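Undergrad: Sequence:
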Amino acid sequence: MRRALATAVLLVALAVPSVAQADGDPASDVLLLQDSYLPYQPAVPKPVSNALNSTLKQLRKSGFPLKVAVIASKTDLGVVPQFLGRPQPYAGFLESEIAFNKPKQLLVVMENGYGTAAIKPNIASAMTKVPKPKSNSADDLGRAAIDGAIALGTAAGHPVPKPKLPASSSGGGGGTSPAIIFGVPVLLLAIGGALATLRARQTKRATS
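Under this note's numbering, the first residue of the sequence shown is numbered 1, with each subsequent residue one higher.
Hints may contain errors.
Derived DEER-like restraints, expressed as beta-carbon distance ranges [stated by the list, open to error]:
(1) G85 <-> K61: 13 to 23 Å
(2) K164 <-> G92: 16 to 26 Å
(3) T128 <-> S73: 32 to 42 Å
(4) K132 <-> P81: 14 to 24 Å
Computed list of lysine-lysine pairs in DSS-like fashion (alpha-carbon distance at most 30 Å, straight line) [as the list claims (entries may be wrong)]:
(5) K57 <-> K132
(6) K102 <-> K164
(7) K162 <-> K61
(8) K46 <-> K129
These aren't lab readings, by the way, just hints derived from the structure by calculation. The structure presented is a predicted model; accordingly, all values stated were derived computationally and were not measured. Even glycine gets a Cβ: it sits at the ideal position worked out from N, Cα and C.
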């Protein structure tokens with residue numbers, strides 16, 4: 001079982017970057033597999049990334065599914081670096097990349113603020129009361145993402161408790177990968193679904 005799990009994790013590690021390279025927009029590909037996209041380098045500290053993913057899991061379970069993209073640099077934007085510092089326009093672009101059959105509620109976090117897409121205006125307006133990230137460090141961006149997700153959930157009538165976190169390091173690090181480890185069968189199905197979706201997206205672009 002351990003060997004099978006290790007193999008599946010390796011497949012995810014190989015599949016996600018290859019998908020991202022094929023499309024050029026890392027967050028749009030990672031969010032096909034999970035609810036959060038986090039910077040690769042420097043990585044969001046593990047306690048913060050774990051807390052964000054736990055918060056998103058609770059929100060989804062309560063009936064408020066939310067995707068979150070944390071963008072720290074042009075590297076996180078791939079072939080669309082012009083969106084750096086423009087969270088709201090990027091949110092609209094990214095949501096269109098991951099929506100397909102139905103809208104996907106989305107929160108984008110950048111150093112200079114937030115962007116939302118596919119979220120009702122009365123709920124999205126809650127972000128006006130959420131302070132901007134303290135800095136562009138992966139730590140501060142991750143913490144801001146948690147605050148934003150909780151604010152949106154509360155405004156939508158799906159409050160979840162704020163996780164307890166260690167003091168901010170404001171220095172990033174911690175070695176968190178955007179790929180979340182599921183059970184082996186779920187991992188393989190998720191990879192297959194993501195690749196099929198990407199192929200459909202590319203076919204749509206080629207014929208449009």
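Undergrad: Each hint: holds or not?
TA: Hint-by-hint comparison with the structure:
no., hint, result
1, G85 <-> K61: 13 to 23 Å, "violated, 34 Å"
2, K164 <-> G92: 16 to 26 Å, "violated, 34 Å"
3, T128 <-> S73: 32 to 42 Å, "violated, 25 Å"
4, K132 <-> P81: 14 to 24 Å, "holds, 21 Å"
5, K57 <-> K132, "holds, 23 Å"
6, K102 <-> K164, "violated, 34 Å"
7, K162 <-> K61, "holds, 16 Å"
8, K46 <-> K129, "holds, 26 Å"
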